[in-house]
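Numbering (my numbering), first residue to last: 3 to 407.
What you were told as hints is all true, and nothing was included just to trick you.
Derived DSSO-like pairs: lysine-lysine, alpha-carbon spacing no greater than 27 angstroms straight-line:
| no. | residue 1 | residue 2 |
| --- | --- | --- |
| 1 | Lys291 | Lys383 |
| 2 | Lys381 | Lys236 |
| 3 | Lys236 | Lys383 |
Simulated restraints, written as ranges between beta carbons of each label pair:
| no. | residue 1 | residue 2 | range |
| --- | --- | --- | --- |
| 4 | Glu165 | Thr352 | 32 to 40 angstroms |
| 5 | Asp169 | Gln349 | 32 to 40 angstroms |
| 6 | Asp169 | Arg244 | 39 to 47 angstroms |
| 7 | Arg244 | Ile145 | 49 to 57 angstroms |
| 8 | Phe42 | Asn98 | 14 to 22 angstroms |
| 9 | Glu153 | Gln46 | 42 to 50 angstroms |
| 10 | Gln349 | Glu260 | 24 to 32 angstroms |
| 11 | Leu162 | Gly192 | 16 to 24 angstroms |
| 12 | Val241 | Gly192 | 37 to 45 angstroms |
| 13 | Ile75 | Leu162 | 22 to 30 angstroms |
| 14 | Asp385 | Asp33 | 52 to 60 angstroms |
| 15 | Ala158 | Asn338 | 50 to 58 angstroms |
| 16 | Asn98 | Thr352 | 31 to 39 angstroms |
Derived from the structure by calculation, the hints contain no laboratory data. Bear in mind the structure is a predicted one, so any value in this text is a computation, not a measurement. Even for Gly, the Cβ is constructed at its ideal location relative to N, Cα and C.
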Amino acid sequence: AEDILCDATGAIEVTWENAPQDIPINGSVTDYFIYRRMEFTSLQKVGEIEADGSGVYIYVDGPATNPMDPPVIGEFYYYAATAYDSEAARESVHSNEDYTMSDGEPGAPHVTQAYDTPADAGQSITVEFSRSADDGHCTNNVIIYRIYREESDMGAFSTLIGELTADGSMSYTFYDDDIYSASPPVDGIGYYYAVRAHDGEKESVNSNVVGPVYSICQEASSYTAFEDDFETNKGWEHVQVRTQDDWQRGAPMGGGGEYHGNHDPSSAYSGSCIYGNDLGGSGWNGDYKDNVENYLVTPAGAVDCSGHANVVLQFQRWLNVESPAYDQAEIHISTNGHAGPWTMIWQNPTEMTDNAWVFMEIDISQWADGETDVAIMWKLKSDGGWVYSGWNIDDVVIREHPQLP
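Produce the complete structure using the sequences and hints provided.
As structure tokens, this is what we get:
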């Protein structure tokens, strides 16, 4: 039993498999009776449908089928079904029960992450969330998302700071700042975020709550050791260790992911260019090959962290790779430039199937603080099995992360 998406009446759909005696020819089952109860009450018959030998039956409990006693929005209901033989006037025992809530509100979205907006002047937090189940394919569609903020995760989330228009996208990004927010965050204060979907009449329950997130001044002029948005060629080095070097700089084509994982992005996170494994241009398909090992490394001598403390690596990631028992997406660091030695600082912990840009930050302070010749390497290794679309990266920044006041 489950509430029907995109339905403002609170109707509930009940599904069950047929009884063994329900067969197309000479079957003894003629009807099914549907029963309903609320908690701590007894089952009462609310409907019936004729048996026709189908393997699965569906009954919708709502104003159209049960106008005298439809489900009440916001209440939980338990359902069971029985098989009935009209010739013998016999009814089976009740089936197992299943329950759900009648809900005329749109489904809640899901906040995937919230983080301090990188390389800004402060008073800005980025909130990313995936769409409501009722967004993009409903008659009464979700029309807006409302973003709420509190200074405690136990708050009522009654402080509305902004709205985004729903357009059927899989994911949305809201900037809590002095441009889009009714009240931009104060640097150094921890904030919690929740999002609700609104269909023009009703608002969903809260999404999950994410926080605390702190806004901090990170102006590039005072904190950045290196940054590149890949719009120009700054001399990154990419090398084949085994089979193929498929690192490419340019506009992503949205290819790959035909058999495993998701495809590459169809556009850069910012600007028009990224770096990635096989961007899917002419003669390429977007997926990395079997038995490859290759890497991309920051330009020689370009990352000087002398005078910097609390150094972090920040970038936008769109990564698809098999689990690490088979294929590995890795990040390494050297404090002796391209000569190494190299230390691995991150590896895919599981199968990665990004279908949107994901902000990633890695604390590299224990290696990079005060060093004059830092280098960062993105590496990909595959076995002879499944292939995925691999690394895609954009907006790489190596910077000092200001500390909270």
